[in-house]
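A.B. asks: Spelled out, the chains give:
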Amino acid sequence: MQTAMLRPPAGGAPGVGAPPAVALDDIAISFAIPGRPLFKAVAPTSLHVREGEFVSIVGPTGCGKSTLLNATAGLLRPAGGRVSIFGAPLAGLNAQAGYLFQQDALMPWKTALDNVAIALEIGGTRRADALAQAQDWLKKVGLARFGDRYPHQLSGGQRKRVGLAQVLVRGPKILLMDEPFGPLDAQTRQIMGTLLLNLWAQDRKAVLFVTHDLEEAIALSDRVVIMSAGPEARIIGDFPIDLARPRDTADIRLDPRFHELYRQIWNQLKAEVVKTYGEDAP
Amino acid sequence: MQTAMLRPPAGGAPGVGAPPAVALDDIAISFAIPGRPLFKAVAPTSLHVREGEFVSIVGPTGCGKSTLLNATAGLLRPAGGRVSIFGAPLAGLNAQAGYLFQQDALMPWKTALDNVAIALEIGGTRRADALAQAQDWLKKVGLARFGDRYPHQLSGGQRKRVGLAQVLVRGPKILLMDEPFGPLDAQTRQIMGTLLLNLWAQDRKAVLFVTHDLEEAIALSDRVVIMSAGPEARIIGDFPIDLARPRDTADIRLDPRFHELYRQIWNQLKAEVVKTYGEDAP
Amino acid sequence: MKIHPGRLLLLQILVAVVAIGFWQFGATVPVGGTYLLPEFFFSTPLDVMKRVVQLFVSGTIWKHLWITLTETVLAFVIGSAAGVAIGFWFARKPILAAVFDPYVKMVNALPRVVLAPIFMLWLGLGIWSKVALGVSLVFFIVFFNVYQGVKEVSPVVLANARMMGMSEHQLFRNVYWPSALSWMFSSLHTSVGFALVGAVVGEYLGASAGLGYLIHQAEGVFDVTGVFAGMFILAAFVLIIDWGVTRIENRLLVWRPQPAGEQA
Amino acid sequence: MKIHPGRLLLLQILVAVVAIGFWQFGATVPVGGTYLLPEFFFSTPLDVMKRVVQLFVSGTIWKHLWITLTETVLAFVIGSAAGVAIGFWFARKPILAAVFDPYVKMVNALPRVVLAPIFMLWLGLGIWSKVALGVSLVFFIVFFNVYQGVKEVSPVVLANARMMGMSEHQLFRNVYWPSALSWMFSSLHTSVGFALVGAVVGEYLGASAGLGYLIHQAEGVFDVTGVFAGMFILAAFVLIIDWGVTRIENRLLVWRPQPAGEQA
Amino acid sequence: AQAAEIEKPNLTLGVGGKPLLYYLPLTLAEKLGYFKDAGLNVEINDFGGGAKSLQALIGGSVDAVTGAYEHTIRMQTKKQDIRAVIDLGRYPGIVVAVRKAEADKIKTVADLKGKNIGVTAPGSSTHIMVQYLLTKAGLKQDDASFIGVGGGASAVAAMQKGEIDAISHLDPVISKLEDLGLINVLVDTRTTEGTEKVFGGQNPAAVLYFKESFIKENPNTVQALTNVFYKTLKWLEKATPEQIAANVPEEYWLGDKNLYMKAVEASRQSYSTDGNIDEASMKSALSLITTTDPSIDPASIDLSKTFDGSFLAKAKAKGQ
Ligand SMILES: Nc1ncnc2c1ncn2[C@@H]1O[C@H](COP(=O)(O)OP(=O)(O)OP(=O)(O)O)[C@@H](O)[C@H]1O
Ligand SMILES: Nc1ncnc2c1ncn2[C@@H]1O[C@H](COP(=O)(O)OP(=O)(O)OP(=O)(O)O)[C@@H](O)[C@H]1O
Ligand SMILES: [Mg+2]
Ligand SMILES: [Mg+2]
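Protein chains in written order, with the numbering used here: chain A, -5 to 276; chain B, -5 to 276; chain C, 1145 to 1408; chain D, 1145 to 1408; chain E, 3 to 322.
Note that these hints are calculated values from the structure, not bench results. Just so you know, not all the hints are guaranteed correct.
[Unchecked claim] Dumping the calculated DSBU-like pairs for lysine-lysine here, alpha-carbon to alpha-carbon at most 30 Å:
#: 1; chain 1: E; residue 1: K117; chain 2: C; residue 2: K1207
#: 2; chain 1: D; residue 1: K1194; chain 2: E; residue 2: K138
#: 3; chain 1: E; residue 1: K142; chain 2: E; residue 2: K109
#: 4; chain 1: E; residue 1: K138; chain 2: D; residue 2: K1207
#: 5; chain 1: C; residue 1: K1207; chain 2: E; residue 2: K138
#: 6; chain 1: A; residue 1: K264; chain 2: B; residue 2: K133
All values derive from a computational prediction rather than experimental measurement.
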């Protein structure tokens, strides 16, 4: 983490003294499982994300990535440690953050368009305006003609994209994205990645991005952090991505530096995944 | 499709006259959307999967892959065309098939272990046996210590793996898998892929495999078919994968033939995805 | 699994015909020396039909029907509204709910018939004491279902809505309410009937008009035909109200997938 | 949002104290010349308590209590079992359900008080006619909820189970039943109360023993204290049964996530 | 010795509102232990009203009923053969009274025109009684509105709240209302004088009745019951209010022994002394029904089949 603090920001350049957008300090998260000892999902670990920084989290399945995001969102109260948002300790929900959940989280009783529009309406936007902006966003995620569908009438990837539009339309200062492009094909993934990067470049959001696609993580991020296999998962690697901005998410994969980074991170990650399986590995 | 019929099977060698495990002939699938014209998701299209054949389906998001699997499973009745399973027209559910759904489909009221065991118990296996086998399978998918968790206490990737065990434990003759490795990290993906291939090699299952990871599709399959962007999606490409078996899913990616196939398929796929966006593309 | 509406109606009529046939048979043909459905207790379908027609033709029924309708609708609307409101409120205030839980259950268990004098004391003999009786039945059914319905809201959808920054009020409108709707409607189907039961029992215990009064009067002079005619009108009545509820339900729940298992 | 059990009890007792205080006040202190809760209609809490104690001490209550308990439990068990069974059956046979739908609703709307003589005719004066009355209330509440609960089963989970090759019976055990459980329990909480109401009303309309009989006797002679004492015992009673239901519920529903919104 | 002859020593007896003074002889018979003395084991079932106890009799769930004599007549029109064997109340015991506040405006039955009259239940004997009175006073039956106010506290509540201008009811409601000073009595059929004024003679009220078939099959049982009630009537004839109060459950005292004794005293004359129903009383009862319910043809009623005096005769013979 210290590394990250010392490096100048990759995008814009906020004052060195400015508090980080997200600061997780020594947070530990446990789950109570009735009739069993407490399950310590995340051991005390720390992660800071500066304003305007794009940080990806990778790690073996079930290590605690979603849990970390939930803690940042204020949906889970950590058993220990502190969560601070722009320097202020987090109490209750994180109002600055937009969160794209790993699971389906659309309201099944609203159409795609309404699902996006409601995100604006609750902030006080007039309905007509909200609908117009929502339609705009649906177009951006390639669903212009699906606005009047209910979630159950959409494919998995379509639902995810509606969710993406729902989060982005509000323009939150902190973005928490849990495998946002998981159910998308490679090509759509790149289009969405570019969309996200453009948006991020515009107003220096802080992004915490969970993905299983290491290439994607490198292509998009300023830093890639690796979590160890759970239980008691910790952040065990923190790789600054010193590739030039702005990036073309497709072309950048041809850069030799990209491949070097990939190999470095992959080696550490691979070792970690194997641990999950231990002798279980087939 | 004809191509597929003429080629000798990649795995074992069933009689040329044997009927295909799955035969979708000119099937068309539409959805009724109240107050709107019928949505023709899949235009008349055909796909045959022989016994012992591993076929992957790739295509842009929302094109109709899950829909095709649902029709094969007998969960959706096509508006036109025929679905035959081992030569017999499909009426009702496809009892020969195991289906891993794209969405979470575990029973929330059963523990991971019970969710797997029930798949055997309903076939008449004694409970003790079923539990033993289920535990075995949980171990294979790396969840030996999570047997007593309820689905909501598992991470997204963990749930998917329980689902995988639930389908595989029954040993169905036809496997329908809808993005089975979507929420898994690259390393776990490979381990699961190898697991699946081993199983498939043992008893010549027919596999229909939906994925967004083209590398994975090539590494695992005998054939990769490409669907066009919807609506009225069709199968527009059918690529036999002439890589030697048995394969190591990791090493095979270094094979030059692999890369050639990848490029070929990718070029066609890319063109298709762009269509989805049309002028919508950002 | 779908059935043609015409055929459905045919089958429904068939059921009615069989039931009425059985009734007529039981009331008029002795089996082993006794009647299965002695006329003294069951009248006969023909007589009941004649009486119903006569009640409508002579026009005496309208006044009573109107009063009972008013009471039923009021009991239904007030009871459901209160059930929904308090159900939501309790569901959102777990401590409040925990504290009052035993009392709610106690009150639910009090026999309304016994409470009738108190309702009359407070509300007089007019329609309001009957409405109160109906409300006291409807309320609990709706309350318990709404309470449960709110607690069953999908945790992910709720978390998502809260992350969007919804206020309690917005959560109610956009999440709790739509999510609890199917629970609510399930309870409304039961409570339509109970609203009517409440009104009729209220009239039965003390009134000067209404279907319950008619039935009670008929009972007092052992006019079973009158009793059954009254009940028949009652039942026809509730079907109409329920039809209204179902229409609203279908409009409000357009978003849901086809009922499971319908497709294959 | 969690509350300590001791504190909860304290708050609950506080509510009771306030309510009883208000009652005592209303019954004994005139406000503007009239009593808010005239003793003639409401008795006083102290008298009621004394009577309750006396009923237990003298032992007269036990026989009545036992009879009512038997009736209530039977009505509850039979009514819920029938409601569950027929609810499931209808939910799985949509055509059957569609055909009988109007009749079920009609029967639900019939005032049970009027049906009492018929129950007595068929079932005699013993406990069974009271049980029937209770069943006729409990059944519909459970029925409608179970019916809806089955229809609310997650389509994906259902499809998955069917793909596994589950028979109708296995689907019932492994999918419909667990999925409908929270609906069922919601209806059980309402119907515990209604089972008791049914039993008591049955006794009220004709019996030689039971709490309803006691209350009826007391009412006939303006013994409000007796009426309230009876109702108090009734209410205490239902809490015990409901406590049992809740325990079973908690055991059967261990698998569910914490109620939404509990964590933050 | 007698018990040996009784065909059905375990009897169920129905009554609609046992604590009512109307049924006082039943309570006394029970409390005085006369049933037991006669070798009878009687289970008394209390019903929500007289109509319900009659239904129970016809349905076969009770063997005997203490109820209104009027039922035996009405049942003839329903092809049910129900017979009384002994009269318990010779006067109806129904009181028509007006609210104090209205007392100066309503002085006669004719003044009830356009008023709200509370009755126990629509179609009940209290309802029929006022209808009869109105008809006799030259009014039509729908010249007043009748409101069912029920038996107990709700009747008092209705009067207190001023919901009704007049009431046609029985004891103990009437006594309670009098005690509360809420009403002025207009017509009182608890007394000989009042009843004579209305009917010109007796008008049987509570009787013990059976199904005809039951009488035929269990003559000894019926005889034993008749004996019991005859004995009770004789006891009642001589008893002081004190004694009566002492022989009913304390709860029946309306919370006040004196009030109860006052009520007993007021109703005193309405209890039959000899249990008999003579021809004139039968006719009077019939006219009460037919005046108010024109659908019943007096000619179709065979009054001799409503009362079977043979048991009473034997009881009298035995008693003397
Ligand atoms: N409610 C819960 N109760 C108990 N254990 C839980 C709960 N939620 C998560 N866990 C456990 O905590 C660990 C981390 O879960 P988390 O969902 O954060 O994983 P993840 O890194 O997001 O995995 P994936 O990549 O599969 O989504 C897992 O082992 C999981 O089983
Ligand atoms: N129930 C439905 N009603 C209406 N349209 C539907 C329904 N289900 C699917 N569709 C539409 O059919 C098309 C194909 O959907 P399908 O789920 O098969 O896509 P997919 O290829 O699996 O996509 P993904 O990769 O995103 O999962 C989509 O455009 C979708 O919107
Ligand atoms: Mg996760
Ligand atoms: Mg899909």
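A.B. asks: Could you check the structure against the hints above and give me the numbers of any it violates, in ascending order?
C.D. replies: 2 and 4
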